[in-house]
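Residue numbers (my numbering), protein chains in the order written: chain A, 1 to 401; chain B, 1 to 401.
Calculated from the structure, these hints are not laboratory results.
In this text, all values refer to a predicted model and were calculated from it rather than measured experimentally.
Check each hint, because a few of them may be wrong.
Since the list can't tell identical chains apart, any single copy or any two copies may satisfy a pair.
Stated by the list, open to error - With a straight-line cut-off of 25 Å between C-alpha atoms, the simulated DSS-like cross-links for lysine-lysine are:
id, residue 1, residue 2
1, K180, K272
2, K334, K366
3, K352, K218
4, K80, K61
2 protein chains.
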Amino acid sequence: MKNYFKTVIFIAFLSLATQTFAQEQQAPPAPAARPAFQMGNAVVSPEILPDNKVIFRLDAKNASEVTINGEWMSMGAAEKLIRDDTGLWSATLGPLAPEFYGYTFNVDGATVLDPSNAQIKRDGSRNASILLVPGKESELYTADNVPHGTLSRVWYDSPTLGSTRRMYVYTPPGYENSRKRYPVLYLLHGGGGDEDAWTTLGRAHYILDNLIAQGKAKPMIVVMTNGNPVQAAAPGDNPVEPVQASFMASAGAMGSGKFEESLIKDVIPYIKRHYRVLAGRKSRALAGLSMGGMQTMNTTQNHPGMFDYIGVMSMGLMDMTDMGVQADQDLDAKIEALKKSGYELYWIACGKDDFTYEGVTKLRKKLDEHNFRYIYRESTGGHTWANWRIYLSELAPQLFR
Amino acid sequence: MKNYFKTVIFIAFLSLATQTFAQEQQAPPAPAARPAFQMGNAVVSPEILPDNKVIFRLDAKNASEVTINGEWMSMGAAEKLIRDDTGLWSATLGPLAPEFYGYTFNVDGATVLDPSNAQIKRDGSRNASILLVPGKESELYTADNVPHGTLSRVWYDSPTLGSTRRMYVYTPPGYENSRKRYPVLYLLHGGGGDEDAWTTLGRAHYILDNLIAQGKAKPMIVVMTNGNPVQAAAPGDNPVEPVQASFMASAGAMGSGKFEESLIKDVIPYIKRHYRVLAGRKSRALAGLSMGGMQTMNTTQNHPGMFDYIGVMSMGLMDMTDMGVQADQDLDAKIEALKKSGYELYWIACGKDDFTYEGVTKLRKKLDEHNFRYIYRESTGGHTWANWRIYLSELAPQLFR
């Protein structure tokens with residue numbers, strides 16, 4: 001009996017220790033041979049070396065080929081792992097630039113996660129194992145020893161969409177200890193994502209924690225909604241009532257403007273009633289990426305004067321007629337109305353390799369025709385969370401000034 | 001350009017659709033041959049059939065053997081998947097009893113998650129793919145169409161443990177819309193777990209939502225801490241400062257009583273200051289499983305009269321001297337003091353096959369010697385979350401009556 005208990009506790013704490021080894025830069029180099037403690041899944045992977053090379057390991061005794069694909073590689077690329085005589089496969093890659101990467105293994109044709117790595121990120125229906133290479137560039141979204149805001153999963157009624165829906169609300173450090181009121185950033189995810197995306201993939205809460213601690217951003221509330229009109233919450237947290245989400249219905253819903261309507265009618269009033277917010281346009285920002293960028297454009301064009309700070313990331317004027325989404329015939333009039341309404345900031349960001357680049361160029365041309373004031377930030381890279389994390393870290397300091 | 005965008009959106013919504021198919025009971029039967037839409041990971045797995053048989057599928061063209069182990073099987077058991085001529089492996093298992101299961105595949109010796117299943121649960125450093133078989137028994141913790149409480153990740157200062165630490169706080173539906181005060185249940189996880197465990201694995205927030213909606217439990221606040229003194233937060237959310245968590249240090253910390261001290265000195269005062277709680281012992285409950293059960297016993301024995309409701313799950317009087325944890329020499333006096341202090345409920349629950357069963361029997365014998373009033377609930381099964389979910393659903397209705 002004693003031994004059973006001891007074993008359970010031993011495994012439990014071994015797990016914690018392995019976890020720590022795997023994720024800390026200070027991890028000791030792994031022994032060359034398989035050490036005695038490598039029971040079950042206790043293989044150490046990934047192991048980040050001091051020079052930012054990374055060792056990946058997988059126990060697969062009977063596999064004939066094991067490869068790895070990581071977000072630092074091109075899509076579909078693969079590096080081979082080498083088998084030792086115990087059936088442990090490994091590869092040492094890099095050095096890798098400091099970044100929050102996803103990666104997967106392929107074992108004899110099956111694309112799988114790293115079983116030794118407890119940390120996983122979900123992007124819609126796809127998961128990847130997490131590799132956080134520490135360094136200056138990844139510091140902005142690393143969980144650091146600074147005061148942390150509270151991140152809450154809140155359910156609100158949406159009469160507009162006919163469901164009770166879930167959103168994430170970040171309240172800044174100190175919120176609970178004061179009577180102060182705060183400005184609000186509404187932050188929208190892209191197609192295929194959900195209310196988890198901006199924290200799990202975007203690490204928005206840590207970006208805000210760090211910027212606020214450094215005095216670079218004003219303390220603010222950040223509201224992260226689920227932008228899919230047909231989905232009440234992320235998979236697994238979606239109430240059991242089946243969502244009628246065929247592909248065409250979803251695409252249609254995306255172009256329906258219904259989410260945008262619910263943002264105005266349901267979300268913003270809920271936040272006003274339940275949080276200590278500063279009222280008025282000067283304390284209200286709306287930003288989004290990709291599909292969320294489209295929703296940001298739609299919402300702000302249809303409600304001029306409502307948001308003084310507007311951020312459009314990786315989205316422009318796209319031809320979506322094939323998907324049943326018609327171009328807005330009143331676009332010119334709406335841009336004029338938004339211009340006349342006055343606003344503090346209209347910020348557009350896009351990567352040079354982003355597939356929306358052409359659409360962003362069209363958007364800028366259209367805005368230029370109207371002498372519409374905006375700031376354009378062009379980055380390297382494409383349609384990636386690496387870029388969106390950077391964009392948020394650059395946008396947040398410009399808000400509510 | 002148009003096509004790129006269309007493809008991305010298509011994949012995004014296809015992902016959503018696949019997700020929905022995979023997780024809803026109403027999923028249509030999968031076609032026998034691989035349909036055209038099965039690009040990449042879009043294989044449907046798991047697929048729950050109307051009779052609760054479940055089809056598992058994995059794309060692994062070059063594998064020589066694929067097996068599955070699920071929590072409905074014994075540990076280490078394996079069922080083989082069969083390969084079709086396209087390299088898609090599958091097995092139809094069950095029918096399975098309604099339950100929230102974990103499962104993993106083994107591909108040529110590598111133990112991996114199901115890449116078609118976005119839903120994953122983490123137990124310490126181990127992950128498993130989630131299979132939620134719907135039915136009467138699993139209804140108690142299913143995300144249902146009832147009012148939902150808010151689940152917040154809150155950071156608090158712990159001078160006792162020398163760190164800023166994270167906990168989950170559940171506030172019941174209606175909390176935000178009232179000025180009412182609520183009783184508080186402090187709910188502790190087991191060894192190897194962390195502050196995520198009671199929601200991710202225990203689904204405590206949905207259990208409370210459902211019990212409250214049915215009028216079976218009183219609306220209450222539930223506070224779920226991280227019970228590992230050396231860990232400020234779950235892996236990945238733990239601030240970058242490396243935790244000095246060697247195995248012996250961890251085991252020592254577990255027996256140090258430091259977490260229990262921090263619960264009294266740091267956590268409870270924080271909750272009092274920041275939430276609308278009903279003051280006093282009548283509105284305070286403490287419960288925990290395994291290591292958390294030990295912490296519950298320690299805390300309530302050292303603070304008689306502080307908690308009127310006490311729940312000890314899957315834990316008793318264990319001999320832990322080998323781990324450097326000495327038996328409490330004052331146990332008899334402490335039991336007498338707790339008895340004299342008065343309390344409403346001392347609830348002990350254990351499974352017949354639990355490895356702590358002998359320790360629980362010892363605990364009951366000891367309490368009987370003192371004519372100490374308690375309720376004992378013996379279940380089938382062992383040291384499992386299936387049991388702890390049931391225990392919580394039975395304990396919560398008895399609280400604050």
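Against the structure, the hints come out as follows:
1. Proximity of K180 to K272 under the C-alpha cut-off of 25 Å is found in both arrangements, the shortest distances being 14 Å within a copy and 20 Å between copies.
2. Taking the closest pair of Cα atoms, K334 and K366 come within 25 Å of each other only inside a single copy of the chain (12 Å); across copies the shortest separation is 77 Å, beyond that limit.
3. Taking the closest pair of Cα atoms, K352 and K218 never come within 25 Å of each other, the shortest separation being 30 Å inside a single copy and 56 Å across copies.
4. Proximity of K80 and K61 under a CA criterion of 25 Å is satisfied in both settings, with 15 Å inside one chain copy and 17 Å between copies.
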